[in-house]
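Going line by line, the protein sequences match chains X and A.
Count the first sequence with our numbering and you get residues 175 to 542, in order.
Count the second sequence with our numbering and you get residues 101 to 378, in order.
A couple of the hints might just be wrong.
Said to hold, decoys possible - With a cut-off of at most 20 angstroms between alpha-carbon atoms, the simulated SDA-like pairs for lysine to any residue come out as follows:
#1 A:Lys218 with X:Arg191
#2 A:Lys218 with X:Gly413
#3 A:Lys255 with A:Lys212
#4 A:Lys218 with X:Met246
#5 A:Lys218 with X:Thr483
#6 A:Lys212 with X:Val369
#7 A:Lys218 with X:Gln386
#8 A:Lys311 with A:Ser299
#9 A:Lys212 with X:Pro371
#10 A:Lys218 with A:Asp195
#11 X:Lys264 with X:Tyr291
#12 A:Lys257 with A:Glu239
#13 A:Lys218 with X:Leu397
#14 X:Lys264 with X:Lys341
#15 X:Lys264 with X:Gly413
#16 A:Lys218 with X:Pro434
#17 A:Lys212 with X:Leu373
#18 A:Lys218 with X:Pro484
#19 A:Lys218 with X:Lys341
#20 X:Lys341 with X:Pro434
These aren't lab readings, by the way, just hints derived from the structure by calculation.
Computed from a prediction, not measured in an experiment: that's the story for all the values here.
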Amino acid sequence: MSRPSDRLYRPRQVRRRVFGVLFAGLCLLATLSGVVVLAVLLGSVLAKAMSYPPNPPWYALGQHAGEFWRFMTRIATSTNSPEPGEAGFKAGIAGSLWLLVLVAVIAIPTGVGAGLYLEEYAPPGRVRRTIQTNIANLAGVPSIVYGILGLVVFSRAFGFDPLALGKMLWAGALTLSLLVLPIVVIATQESLRAVPPSLRQAALALGATRWQVIRDHVLPSALPGILTGTILSLSRAIGETAPLLMVGAANSILYTPSSPADYYTALPVEIYNFATLPREEFRTVAAGGILILLALLLSMNAVAIFLRTPTGRRFAGRAISQVSRMGWAVSQAVFPSHRAFANGDSEAGVPGPAPNPSITNPGDPHPK
Amino acid sequence: MSIDQQSQTPPVDLPSPETSAVVLEARDLSVWYGSTEALRQINIAIPRNRITALIGPSGCGKSTLLRCFNRMNDLIPSFRMEGHLEFDGDQIVGDQVDPVALRRRVGMVFQKPNPFPKTVYQNVAWGARINGYTGNMDELVERSLRRAALWDEVKDKLHRSGLDLSGGQQQRLCIARTLAVEPEVILMDEPCSALDPISTARVEDLMEDLKDDYTIVIVTHNMQQARRTSDMTACLMLDQDRGDSHRPGVLAEFSPTDLLFTTPKDRRTEAYITGRIG
């Protein structure tokens, strides 16, 4: 049973097992800490809501819900006002939705394009590594710094007035786009890296160009990841306040912007302003605004989560193939000669006996 | 085949009296990955409409040699080569040569079946479509699948995902996909290493069928497979002259398969095929 070499080992089975359990427990504690804070928050808010006056029995909650609903619709449909009973977030909601759309239009093509270039085209080397590192650094720059950048570059155009955007929606949208761009680039790169190399090789080995491989295989595979990262970055843009304060999101706008050249305000900016007003009632209004903002952010995150599920992947794939088919139709209309080029491939590339006799394949043993 | 191409008769014994023209040729080919030499001074001429097997121990550069013929090594940043590579008498490497056009004519089947995550039909049709195929696509898909001996198994699930097929079927789907762009040469990189014996036998039968229309080059670790399927066999070895860990691959012997396995001329080949080394 006991061999001479056994003396060289000290298994310490019990101690090792205890350490294992302890470590797992610490990790569990770390996991729960976030959940616990959220639970305490929701619990205390709920308890406060339930106890306010005069301790309604459970069957009276319906009235409160109705009252709550009326309050929410009022603040969602009325603009800013010095009277808390008439104040609302209509301008802020409209401004935030404008920002959302503009940031999506600016940041998604730019960020996905940059990610594609870095991952699929850029030759590896010092230049690529430098760009890579600096994009990662940009993702960590505080948002107020982007606000100052936006103020100098977009709002004032370095003092060159004809190009200065001032307090227009454009200024805010461009600033927020810069803010989320690194996140979109990194999400795109991560998703592209997850596409198996065997897929690219298979497509290239059939004589596909890089662009064809990316369009038909790499992008569709990476799409759910790209969309998820992009949507999460957009919800970050929606929640930002600090950079918008720098580039002119005004306190009290009483109309909803109707073009990107209008002045604007945003939901978080309005919430902040209401919360700083002295009258107690404005805090209720601010709290209602927070609920609207949270509902917006959580529903965007829900879309991102949905796109990760198999159903969501199919959905995204179908949507994208629809869009790319439209793009193909447009390119056919604009460049009708495209197909002719494609057919001329065999003459263009490797010289040699271009008309391949096996294309017509008279010796096909399995004729149809 | 023009006259001057036929005059470049390779310096090897051909499997049959009727002389077969050279379709792929490497002359003094050396390959490096970074500073590591992977292949040294390879001279090989691969005959048309034959199956040529590349055998040899792990790490001797069989796959590297194979991937030189359709420039798939270009994807590896540290790859570097010297020497001449010709396909049908034309340069494979050079400023004039478009690897995209080359790869359509020199197709490839990979070690692990890698169908696209699309339907069976789209798997076959995609290569033809991106190469601007103007014929009847349904016919091409059916012909390619029949040619790959897969039609009867998938004709009712053409619009199901290619990933739902079994491993052996997936590999034949990859062969059908390659056939659909009508290549002249098919490079196979251990195509059966992930397959069971029955699927392997089907792929081997298929190779025999395809030989009439295509030139096949196959890398295999399985010497029985090389012996069963190929007309010519090239045995690559690690260079023995150097004792360090980075020994490049060299071509030990290139002969008709039956000769190489019965009366090997090279001592190292003999040691390898009899199982003394490897």
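Tested hints:
1. The suggested pairing of A:Lys218 with X:Arg191 is violated, with an alpha-carbon distance near 48 angstroms, which exceeds 20 angstroms.
2. For the hint pairing A:Lys218 with X:Gly413, the CA-to-CA distance comes to about 39 angstroms; that exceeds 20 angstroms, so the pair is violated.
3. The straight-line distance between the Cα atoms of A:Lys255 and A:Lys212 is roughly 23 angstroms, outside the 20 angstroms bound, and the hint therefore fails.
4. A threshold of 20 angstroms between alpha carbons decides the hint, and for A:Lys218 with X:Met246 the separation of about 47 angstroms lies outside it, so the pair is violated.
5. A threshold of 20 angstroms between alpha carbons decides the hint, and for A:Lys218 with X:Thr483 the separation of about 18 angstroms falls inside it, so the pair holds.
6. Of the supplied pair hints, the one linking A:Lys212 and X:Val369 holds, its CA atoms being roughly 16 angstroms apart against a limit of 20 angstroms.
7. Restraint check for A:Lys218 and X:Gln386: satisfied, since their Cα atoms lie roughly 15 angstroms apart, inside the 20 angstroms limit.
8. Proposed proximity of A:Lys311 and A:Ser299 is supported: the alpha carbons are some 19 angstroms apart, at most 20 angstroms.
9. Among the hinted pairs, A:Lys212 with X:Pro371 is consistent with the structure: their alpha-carbon atoms are about 12 angstroms apart, no more than 20 angstroms.
10. Taken as a hint, the A:Lys218 and A:Asp195 pair is broken in the structure, with Cα atoms around 35 angstroms apart against an allowance of 20 angstroms.
11. At roughly 40 angstroms between alpha-carbon atoms, X:Lys264 and X:Tyr291 are farther apart than 20 angstroms, so this suggested pair is violated.
12. For the given pair, A:Lys257 sits about 16 angstroms from A:Glu239 by alpha-carbon distance, which is consistent with the 20 angstroms threshold.
13. Restraint check for A:Lys218 and X:Leu397: the C-alpha separation of about 15 angstroms stays at or below 20 angstroms, so the hint holds.
14. In summary, the hint linking X:Lys264 to X:Lys341 is supported, as the alpha carbons are separated by about 19 angstroms, within the 20 angstroms threshold.
15. With a C-alpha separation of about 16 angstroms, the suggested pair X:Lys264 and X:Gly413 falls inside the 20 angstroms cut-off, and the hint holds.
16. Between the alpha carbons of A:Lys218 and X:Pro434 the distance comes to roughly 41 angstroms, so the proposed pair goes past 20 angstroms and is violated.
17. A hinted pair counts as satisfied when its Cα atoms are at most 20 angstroms apart, and A:Lys212 with X:Leu373 qualifies at roughly 11 angstroms.
18. At roughly 15 angstroms between alpha-carbon atoms, A:Lys218 and X:Pro484 fall within 20 angstroms of each other, so this suggested pair holds.
19. With a CA separation close to 49 angstroms, the supplied pair A:Lys218 and X:Lys341 exceeds the 20 angstroms bound.
20. Between X:Lys341 and X:Pro434 the CA atoms are separated by roughly 10 angstroms; this keeps the pair inside 20 angstroms, and the hint holds.
Of the numbered hints listed earlier, those contradicted by the structure are 1, 2, 3, 4, 10, 11, 16, 19.
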